[in-house]
Amino acid sequence: MDQTEIATKKHIDFFKRSLNILPGHYASQDPNRLTLAYFGLSGLDLLGALDQIDKNNFIQWVYSHQILPDKDNPERFIENCGFRGSSFFGRKYNPSEIPENAHAYDQSHIAMTYVALAMLLILGDDLSRIDKKSILNGLKHLQQEDGSFSTVAKSGETDMRSVYCACAISYMLNDWSSIDTDKLYRFILASQSYDGGLAQAPAQESHGGSTYCAVASLYLMGRLNDFPEKDALIKWCVFRQAGRGFCGRVNKDEDTCYGFWVGASLKLLGVYQLIDFKNFQAFVLDCESASGGFSKTADCYPDVLHTYFSLCGLSFGEVYNNLQEIHCGLGITLRAAKRLQ
Amino acid sequence: RQRQMCIRDRFSTMSSNEDFVPYSKRAEWADVKPRPQDDGPNPVCAIAYTSEFKEAHDYFRAILHSDERSLRALELTAHVLDLSPANYTAWHFRRLCLENLKSDLREELKFSEELAKDHPKNYQIWYHRRYLIQKLEDPTGELDFIKEILDEDSKNYHAWSHRQWLILTYRLWDKELEYVEKLMKEDWRNNSAWNQRYFVIAHVTKLDIETRKKEIEFAKSWIRKSPNNESPWNYIRGMVKGYCYSDFPEIKEFCLEGKEKWPSCSHALSILVSVYEEEGTLKEAITCCDTLAQKLDESHKKYWLWKKE
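In order, the protein sequences belong to chains A and B. According to the working numbering, the first sequence is numbered sequentially starting from 1. According to the working numbering, the second sequence is numbered sequentially starting from 1001.
It is worth saying that the hints were derived from the structure and are not from the lab. Please note: incorrect hints may appear among the correct ones.
With a cut-off of at most 30 Å between alpha-carbon atoms, the simulated DSS-like pairs for lysine-lysine come out as follows [as the list claims (entries may be wrong)]: (1) A:140 <-> B:1135; (2) A:278 <-> A:9; (3) B:1110 <-> A:278; (4) B:1206 <-> B:1225; (5) B:1147 <-> B:1175; (6) B:1175 <-> B:1110; (7) B:1295 <-> B:1261; (8) B:1220 <-> B:1185; (9) A:55 <-> B:1054; (10) B:1185 <-> B:1135; (11) A:252 <-> B:1213; (12) A:92 <-> A:55; (13) A:252 <-> B:1175; (14) B:1121 <-> B:1185; (15) B:1213 <-> A:71; (16) A:252 <-> B:1135; (17) B:1252 <-> A:154; (18) A:230 <-> B:1302.
With the rest of the complex left out, here is chain B (with noise of 0.2 Å):
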């Protein structure tokens, strides 16, 4: 805590720091003439700016436009970063200041883990990452990093397809199963963790039809802890695809114990539409639309009698 707050100090050089002093008093900043922003005479979504915003984009805009890649400019795109963490041409221009200097870049993956945790849904943070990791040669630390987003937001979509990239780039498939059964543990509705497992054994197996039975039977197994979760039935469909349900008589048996079992879950009776629809039973297709439609999944009423014809 107390090492993240001093690099956080060093880099970032906000107003909120009582010692903040603006550019326009800082002697090292002198030779610079600021460059103000010129919206036109009338602009559109005029945004009231603070004043401690214009200054740093004033001083920003100036030293863009002579491409100078030095150390202070380096820390004036952390300080607008911390405004503006949207800025692409700041991260751009921030990424080429780092060239430049040569700077440690695993220094500069725990700046950009501090902007990461403030702002876990900014596209620009974990594009960046990616660009130093990518650097390094080197993606150690970031499974862990990830899951510590994920542990705030275990949904986050751009943690997710982070965390792909990293394992598949660098073969990271080890554990990932024993991470994705926990979150399941933790909440078998979460549907990122079982697209996550579809990742991992679609790309670790040959998806053989014994490794879909196994997953199967996985699926089944949550199943019965929560019928009306969405998730592990679209799994099931997901191992059949390419396949047929005649490749897994297990499952038209399960939806119909389901369909007994649990009378109000619209699930099973959707599998065996779809069994039947494969069969070329139609008429008991038909009769599982109707129930559908009439009695256990009326929200989509509409869907099933369109399916019926």
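So that you can see chain A by itself, here it is in the shape it has in the complex (with noise of 0.2 Å):
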């Protein structure tokens, strides 16, 4: 097998399945289907395979989710403001073209505006549809005392996945106005955890991601190189590197995913080339499938998440030509993220 070149074919197959029609045992996941596709799609766009989908359609589909804000008081449930995880609170089919009246049970979910926004970034949309007023008001009723984030307004648990999306949605929209970001700031510090790794929020254990939440964070926010432990920070994310592939925690097993939560922020940390990519890469190949897609390890079935990110993290190793570059902050390809500039 070359060994710079990815077998794409059964990959970007494998994606397509999934921006397809899942079969019934992924209705548990209906909520968040936002998410899965994005990790289809982001996925096409690292196999660069965008033009094999209906990109037209695909931007008519996120701009559906939007919550517009009430089209007669944009002050009524502004707190619901940005995208919903799927179509399962029941408006008629609307990509974001017709005002709306709001609704107290019309929810949105921090990780889905996220995720909506990073795809029509990379469906080369021009954001204009995109009520930003709207997104970053709801944003400010979810930041919390301590400067975490919850997920949905009043509803939603708190950790450094949502401190992340948004980070990442105020980047994007270039706007930090409606974020205290000192606040954020000091509950990252507050999240390192004496063994140099980042946890969820203080006193947890150490997490490969919440440690890429917390990094990515701190560099879109640009104060990565203020944050004062970095080298026990460093230590912790080689290390994790245990065998061949990542591991999330101290004394846990390795997991395709962690190439990226830990890979990432070690590429952040401009520290990449301290792992062994060798090492790391047989380990991502035994997870993959013959029929297209990666597991989180060898004796699993393959699933979108594992396979997009096996894919990210086989690519920081700038070996593979056919493989597109990330933006290891924004969690789309660089390509996708010129859009931005």
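Could you fit the two chains together into a complex? Lean on the hints.
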């Protein structure tokens, strides 16, 4: 097998199938459908295959998830503005073209707002139908006293994932005025564990996912160089590669997705070259399915999330000439990110 | 077990239950017009919903739009959440129904227990329990419940974060160290237990130098059992943080011994690098880096060479 080329066709087909119709057992993921779409779409972009989908239809579909401000009183339920994860609330299909009345139970989720904006950038949309003002106003209602963010207004858990989403949204909309970045920065500092890694919240266990969310947030805010305990953080990240692949926590098992969470953190910290890419690559390729996709470990079935993050992880080694480069801060290709300029 | 099953039957109306009757055939739902989902002409990531899923959600949409916070609405949310426990709006609406009906929140805790056991990594269920406990202003039984979840998966991140919130909010520090030590005996590589120990010690003491020395001795005892276990070595580093290695000469001593006793253990040398770095004896530090890069910790070779620089 040619080491500098990934088998793109079967993975492209895998992503295309995942964007098409999913079997019934995916129903429990219904509220998060927008994130499934993001993995598939960004995956296709990573593989240089965006021309194989109907971009215009995709754009319309993404926009149909935007919760528009109330057409009569824009302050009404403003905390709900952003994007919903799927159409379960039951609105008439509306790709952000027709003004609507807001509803108390039509709630956005911060991660859905993030992936929606990311997807529109990937698709080359000019964001002209984005109601920037109401999204940013909605964001204001999600920040907590301790600087963290909740996922859903009045009803969601708060942790580092939402902190990242808030930063990515502000960055993509090029407007940080809705969030208190100092409080946010202090929340991140307080969430560094005694072992150098970053947790979901203060005192919790250091974890690869929350480490990425924190590092990427600092990067997007332009404060990564201010971070005081960088050496301990770097060491923690490097040592998540305990054998071949990366693990999410100390003394836990390897999982391909940490090739992104930890790998991207190392990229942002400027020290990716410190890991053993060849061994990592071997682990990920062991998790490649013959029929397309990658799984979390060699003995599981592939899924979109692990396929996407495996390919991202492989792209970091810069050895594959048919994988695009990822903007590690935003989680989209550099090519998609360029549209922000 | 029997009591739990009764509660499940009362709240759940799944079609796996032989007596299940579709909502459209129930007299008590005849006044409600089901509201379909509109995904547009060409949806992305369309899901092939079962008819049960579709119907339950059609009725759920109807009551959401009419804002009906009744008992039948409450029961419907139980069905929806059983099918789709990540539906944050169903949880939100359920809470509003509970408030409106002045429902027994202890019963509700039992209901969410079933779901939590089936979906232990679901964020919304844990948030719901936090809400209930806050409303009840009573954490009774919750530590035991979390323990049950940890019995299944001793590293469940949600369980640990919920546990920390509970302990902090209701000041339940008393027996936690004992629990942590029990977990450590079962698996001394359980990093969540080590993290929890740090959490307790940091809150219950001022992490004064005496406490730190005691904790370092504690970590050393576990290292002796298993020198390649990363957790206690990280814990030692954690105890030094904010102080200096020179405040704890026993660490350098221990690592020098370890270097001889456990010739394949990289962690002892790793700490020595930091000790020498602090001392300023860079030549020693560099020698350790070389040994690690070439022999003891080849998988992190590039890191040690970089550290050397």
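Structure-based check of each hint:
1. Straight-line distance between C-alpha atoms of residue 140 (chain A) and residue 1135 (chain B) comes to about 26 Å, which keeps the hinted pair within the 30 Å bound.
2. Our distance criterion of 30 Å between C-alpha atoms is met by residue 278 (chain A) and residue 9 (chain A), whose separation comes to about 23 Å.
3. The straight-line distance between the Cα atoms of residue 1110 (chain B) and residue 278 (chain A) is roughly 50 Å, outside the 30 Å bound, and the hint therefore fails.
4. A hinted pair counts as satisfied when its Cα atoms are at most 30 Å apart, and residue 1206 (chain B) with residue 1225 (chain B) qualifies at roughly 28 Å.
5. Taking the CA atoms of residue 1147 (chain B) and residue 1175 (chain B), the gap is about 12 Å. The hint holds against a cut of 30 Å.
6. Note on residue 1175 (chain B) and residue 1110 (chain B): the hinted pairing holds, with a Cα-Cα distance of about 24 Å set against a maximum of 30 Å.
7. A threshold of 30 Å between alpha carbons decides the hint, and for residue 1295 (chain B) with residue 1261 (chain B) the separation of about 16 Å falls inside it, so the pair holds.
8. Straight-line distance between C-alpha atoms of residue 1220 (chain B) and residue 1185 (chain B) comes to about 14 Å, which keeps the hinted pair within the 30 Å bound.
9. For the suggested pair residue 55 (chain A) and residue 1054 (chain B), the alpha carbons sit about 28 Å apart, so the restraint of at most 30 Å is met.
10. For the suggested pair residue 1185 (chain B) and residue 1135 (chain B), the alpha carbons sit about 36 Å apart, so the restraint of at most 30 Å is broken.
11. Taken as a hint, the residue 252 (chain A) and residue 1213 (chain B) pair is honoured in the structure, with Cα atoms around 28 Å apart against an allowance of 30 Å.
12. Annotation: proposed proximity of residue 92 (chain A) to residue 55 (chain A) holds, straight-line Cα distance about 22 Å (limit 30 Å).
13. A C-alpha spacing of about 26 Å is found between residue 252 (chain A) and residue 1175 (chain B), which places the hinted pair at or below 30 Å, so the restraint holds.
14. Only pairs whose Cα atoms come within 30 Å are accepted, and residue 1121 (chain B) paired with residue 1185 (chain B) is accepted, the gap being roughly 25 Å.
15. Pair hint residue 1213 (chain B) plus residue 71 (chain A) does not hold up; C-alpha atoms about 64 Å apart against a cutoff of 30 Å.
16. Distance hint between residue 252 (chain A) and residue 1135 (chain B) is unfulfilled; the C-alpha atoms sit about 36 Å from each other, more than 30 Å.
17. Proposed proximity of residue 1252 (chain B) and residue 154 (chain A) is contradicted: the alpha carbons are some 51 Å apart, above 30 Å.
18. The suggested pairing of residue 230 (chain A) with residue 1302 (chain B) holds, with an alpha-carbon distance near 17 Å, which does not exceed 30 Å.
In this structure, the earlier hints numbered 3, 10, 15, 16, 17 are contradicted, and the remaining ones agree with it.
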